[in-house]
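There are 2 protein chains.
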Amino acid sequence: MLPFKTLIQVDKKSKYPIYQQIANRFIGLIQEGVLQPGAFLPGSRVMAAQLGLHRQTVVAAYEELASQDWIISMARKGMMVAANLPVIKPRSFKTTAVAYAQGPSFSFNAVPKLEMLPPAIGIRYTINDGFPDVRLAPLTEWTKECRSIVQSPRYTKLLMDGSDTLRKEMTKFLTNTRGLNISPDNIMVSRGAQMAIYTAAAMLIRKGDHVITGSPNYIFADLCFEQLGANIIRVPVDNEGIDVDAVEKLCRTKKIRMLYVVPHHHHPTTVTLSAERRMKLLEIIRTYKLAVIEDDYDYDFHYSSAPILPLASADHGGNVMYIGSLTKSLGLSLRIGFLVAPARFIAEAGHLRRLMDLRGDNLSEEALAAMLQSGAIERHLKKAKKIYHERRDLLCKLLMDKLDNRLQFTPPSGGLALWLKFPEHLPVQEVAEKALDLGLRMSPGMHYHYQGKPGNALRFGFASLNDRELANVVGILAKCCK
Amino acid sequence: MLPFKTLIQVDKKSKYPIYQQIANRFIGLIQEGVLQPGAFLPGSRVMAAQLGLHRQTVVAAYEELASQDWIISMARKGMMVAANLPVIKPRSFKTTAVAYAQGPSFSFNAVPKLEMLPPAIGIRYTINDGFPDVRLAPLTEWTKECRSIVQSPRYTKLLMDGSDTLRKEMTKFLTNTRGLNISPDNIMVSRGAQMAIYTAAAMLIRKGDHVITGSPNYIFADLCFEQLGANIIRVPVDNEGIDVDAVEKLCRTKKIRMLYVVPHHHHPTTVTLSAERRMKLLEIIRTYKLAVIEDDYDYDFHYSSAPILPLASADHGGNVMYIGSLTKSLGLSLRIGFLVAPARFIAEAGHLRRLMDLRGDNLSEEALAAMLQSGAIERHLKKAKKIYHERRDLLCKLLMDKLDNRLQFTPPSGGLALWLKFPEHLPVQEVAEKALDLGLRMSPGMHYHYQGKPGNALRFGFASLNDRELANVVGILAKCCK
Chain L
9 MLPFKTLIQV
19 DKKSKYPIYQ
29 QIANRFIGLI
39 QEGVLQPGAF
49 LPGSRVMAAQ
59 LGLHRQTVVA
69 AYEELASQDW
79 IISMARKGMM
89 VAANLPVIKP
99 RSFKTTAVAY
109 AQGPSFSFNA
119 VPKLEMLPPA
129 IGIRYTINDG
139 FPDVRLAPLT
149 EWTKECRSIV
159 QSPRYTKLLM
169 DGSDTLRKEM
179 TKFLTNTRGL
189 NISPDNIMVS
199 RGAQMAIYTA
209 AAMLIRKGDH
219 VITGSPNYIF
229 ADLCFEQLGA
239 NIIRVPVDNE
249 GIDVDAVEKL
259 CRTKKIRMLY
269 VVPHHHHPTT
279 VTLSAERRMK
289 LLEIIRTYKL
299 AVIEDDYDYD
309 FHYSSAPILP
319 LASADHGGNV
329 MYIGSLTKSL
339 GLSLRIGFLV
349 APARFIAEAG
359 HLRRLMDLRG
369 DNLSEEALAA
379 MLQSGAIERH
389 LKKAKKIYHE
399 RRDLLCKLLM
409 DKLDNRLQFT
419 PPSGGLALWL
429 KFPEHLPVQE
439 VAEKALDLGL
449 RMSPGMHYHY
459 QGKPGNALRF
469 GFASLNDREL
479 ANVVGILAKC
489 CK
Chain E
9 MLPFKTLIQV
19 DKKSKYPIYQ
29 QIANRFIGLI
39 QEGVLQPGAF
49 LPGSRVMAAQ
59 LGLHRQTVVA
69 AYEELASQDW
79 IISMARKGMM
89 VAANLPVIKP
99 RSFKTTAVAY
109 AQGPSFSFNA
119 VPKLEMLPPA
129 IGIRYTINDG
139 FPDVRLAPLT
149 EWTKECRSIV
159 QSPRYTKLLM
169 DGSDTLRKEM
179 TKFLTNTRGL
189 NISPDNIMVS
199 RGAQMAIYTA
209 AAMLIRKGDH
219 VITGSPNYIF
229 ADLCFEQLGA
239 NIIRVPVDNE
249 GIDVDAVEKL
259 CRTKKIRMLY
269 VVPHHHHPTT
279 VTLSAERRMK
289 LLEIIRTYKL
299 AVIEDDYDYD
309 FHYSSAPILP
319 LASADHGGNV
329 MYIGSLTKSL
339 GLSLRIGFLV
349 APARFIAEAG
359 HLRRLMDLRG
369 DNLSEEALAA
379 MLQSGAIERH
389 LKKAKKIYHE
399 RRDLLCKLLM
409 DKLDNRLQFT
419 PPSGGLALWL
429 KFPEHLPVQE
439 VAEKALDLGL
449 RMSPGMHYHY
459 QGKPGNALRF
469 GFASLNDREL
479 ANVVGILAKC
489 CK
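Chains L and E, in that order, give the protein sequences.
Note that my numbering numbers the first sequence so that position 285 is 293, with each residue one more than the last.
Note that my numbering numbers the second sequence so that position 255 is 263, with each residue one more than the last.
Looking at chain L on its own, in the form it has when it is part of the complex:
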């Protein structure tokens, strides 16, 4: 008889019943080839004595094994390991334990990647690239709406079927704030702007297609297009935004699949596309029937003047896919974005979204819809905008006072970040390394140029830092720039 006492160890403290532990161990022994097909197991009385357990426990384990077809009860002969299991060689007991330490032995596609910031261990401050301040989030209203939905009779139906309320409320919100002329059929709700970018791009890009983006550009958009097989062509971004003449020249000479543009507070540089270039771009869109993703990720935050209406509100023949997000507007952990496009495009995009992410978080979507309807979102935006405006001004002042023009910047007209350019003799990577030693984590530049060398600049998200924090962070930065 096999040394079952050694082979089968029972953990009496485990929350799993002992009979189940025994059954699972037997399965392991069969799989490992220790127990061969056709072998008989000791009777339950004998086995119970070996293992020092009650006989009923062993009987239960055997029943479990039989119900799973691993063993068969042979009349008057006892329990036999199923004979029709394929013959297997005995294997080391360790093999199963290391399954995920090895392999895989199949090959898989590489994903274009981005180096991430070091983990926040021992870190006091982080300069992010433009987060809202989650401490300002309208948590009370949010909780109130969630509770009221959960207590309503429609809750069950809602969780199973979802509802169109959010699309309807978003239609109103986008019409009122962005001058779009749309109906709910023109909206797909996504998990944040990123999923909207991925979905729209996946609907368009085939391997080798030319896609135009700015230089520099929002890196997660670039990576997304690369992942989908695009050949990215870059055009310069200057103080007026993306170079639209360069875009037109490309349209004249090449088959261009798509243009990705961030006309408000361009990511990362925060410049706004000038009116002249907007007009010219609309003309290009109409002439070349150019497909455009307009990523208007932080339209809702504007300080100096009202925001410029998006390309999507003008005459583009349905060729502008307008993308944005309420994630930053809400400032909670919830991620909700949108894609606006002609109805037949949205219908297809919705199918694709379903293949990636069966459905959204229905409760959260409904609560957000209620907050759009009640005006809570608008009230929150008003309040947050005022605070972020002050923080932008404070940051500009601190940078001028404490850094004596060592770093260059233009105050952004809106958005949650400021673009800070470093002089050549002061590489941002060295500054970032020094800062880390002083408890400040910031991007060492690799997030702004993906191909070629990293940009010598920093996208300084100011919205999530309060006055005291801003002062401390700029203080550390000043020390590191000496």
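For the record, the hints were derived by calculation from the structure and aren't laboratory data.
Given the structure is predicted, the values throughout are model-derived calculations rather than measurements.
Note that CB positions come from ideal geometry on N, CA and C, so glycine has one too.
There could be a bad hint or two in this list.
Unchecked claim - Capping the alpha-carbon separation at 35 angstroms, the derived lysine-lysine pairs in DSBU-like fashion look like this:
| no. | chain 1 | residue 1 | chain 2 | residue 2 |
| --- | --- | --- | --- | --- |
| 1 | E | 393 | L | 13 |
| 2 | L | 121 | E | 263 |
| 3 | L | 410 | L | 390 |
| 4 | E | 152 | L | 165 |
| 5 | L | 390 | E | 394 |
| 6 | E | 215 | L | 215 |
| 7 | L | 13 | E | 180 |
| 8 | E | 394 | L | 405 |
| 9 | E | 487 | E | 394 |
| 10 | E | 165 | L | 121 |
| 11 | E | 152 | L | 21 |
| 12 | E | 390 | L | 165 |
| 13 | L | 23 | E | 394 |
| 14 | L | 180 | E | 165 |
Claimed, not checked - Some chain L residues close to chain E (C-beta under 7 angstroms, calculated; not the full set):
| no. | residue |
| --- | --- |
| 15 | 137 |
| 16 | 199 |
| 17 | 202 |
| 18 | 231 |
| 19 | 234 |
| 20 | 282 |
| 21 | 287 |
| 22 | 370 |
Knowing the structure of chain L, use the given hints to seat chain E on it.
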């Protein structure tokens, strides 16, 4: 002078300031070519009189336009439409309004789709394909954990940076319940199983690759592989699950990119892959270094006997990508799934997930981690399992009592659904049409065969219906099967 009184209409009830409404309308007029570059605007006094507004309002509008570069203040001459705007032809005023009613004029990729059930208008009951009962969800514990996280000092950091707690807790949970030997490096958290399937498949499939699935198969997996360009080869599914001999034959003759298998409660048929076939399949995986997605979507619900350990717990050389979900286990609107694979695969998959969906809902993920740690999930599963077990038994009894063997089924050993086969003379599509008239919505079969003809069967999700509802639903079904 242009008839500005007609061209510029102000809505005094709008929540947007009047100066902004005027500025936006001017932009429209410039974009539409009504106001040409170089044209001068009437002085603010004149314009104010025309529009019947206070002069300061017009001044504010002009300032707004100037700050956006649409107009330029010319010394002593007043405001001029910027001269460097591209010359444009006058256009109908309606063009901007219909931008999203037309187009797009670019072409885009089709997405393999699925006809959805009709909307639930006037519907009393829905037979879904295996949802949990959201009325049983542990809402109190959930709310408690969320509140405690929101009130803790780590909340801000958590929302910005996320945490690894959920991966750690999932590692423990999967080790304890599934016998996996893994570390947090082997887990990617996703939005439900669907995103894990899409991500893993997108890492593997290139256009034209052969992918093996069952016939029938979970349709959203099939659609996902098709979307990614796979050539799907189907092998039969019988009472013992997928035909693994057919799989081996294919591996011998063709380059197979991947196999998708649902060994527990196969979707849609609910059969379990027999022990013999599991062993054989593991051998095939090792021999052919076959990449396998093991979709174990409702492992946590088992009634008759303990569930069989997944392929992922055995010796597969790291080639089994194990996918599952806590969405059904929790029964809230929250979607959280997982992908288990070797660490270097997970690292790449994590990058891809980030391109589709920048980050998860950090608050919800942390709350779920806390519920795994406190044992609340396990307690809930225990309670829910008992209730679903009773509902399964009741459904079987009702089907036998009220349908007199007109429909065929095998009680499923676990899961949240039962596979009901209709006889040839009773097409499920006709039954579904009759049922809709009686207030019952059910799939007319198109969800079970995608290519070829739809299956004459129904996946009857019993978990979300209580005793009374089950009786009523089966009552309606019996009427429609006469």
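Hints, one by one, checked against the model:
1. 393(E) <-> 13(L): Given that 35 angstroms is the threshold and the Cα spacing comes to 33 angstroms, the pair holds.
2. 121(L) <-> 263(E): The given pair, whose Cα atoms are some 29 angstroms apart, holds under the 35 angstroms limit.
3. 410(L) <-> 390(L): Holds, because 30 angstroms separates the two Cα atoms, which is no more than 35 angstroms.
4. 152(E) <-> 165(L): 24 angstroms, holds
5. 390(L) <-> 394(E): 50 angstroms, violated
6. 215(E) <-> 215(L): Given that 35 angstroms is the threshold and the Cα spacing comes to 10 angstroms, the pair holds.
7. 13(L) <-> 180(E): 26 angstroms, holds
8. 394(E) <-> 405(L): With Cα atoms ~64 angstroms apart, residue 394(E) and residue 405(L) exceed 35 angstroms; violated.
9. 487(E) <-> 394(E): 30 angstroms, holds
10. 165(E) <-> 121(L): Judged against 35 angstroms, a Cα distance of about 24 angstroms means the pair holds.
11. 152(E) <-> 21(L): 29 angstroms, holds
12. 390(E) <-> 165(L): The hint holds at about 24 angstroms.
13. 23(L) <-> 394(E): With Cα atoms ~18 angstroms apart, residue 23(L) and residue 394(E) stay inside 35 angstroms; holds.
14. 180(L) <-> 165(E): 33 angstroms, holds
15. 137: 11 angstroms, violated
16. 199: With a closest approach of 5 angstroms, the residue 199(L) hint holds.
17. 202: At about 4 angstroms, which falls below the 7 angstroms cut-off, the nearest Cβ of chain E leaves the hint on residue 202(L) intact, so it holds.
18. 231: 6 angstroms, holds
19. 234: 9 angstroms, violated
20. 282: Since the shortest Cβ distance to chain E is 5 angstroms, the answer is holds.
21. 287: 5 angstroms, holds
22. 370: Hint on residue 370(L): holds, closest Cβ of chain E at ~4 angstroms, below 7 angstroms.
Violation of the numbered hints given earlier is confined to hints 5, 8, 15 and 19; the remaining hints are satisfied by the structure.
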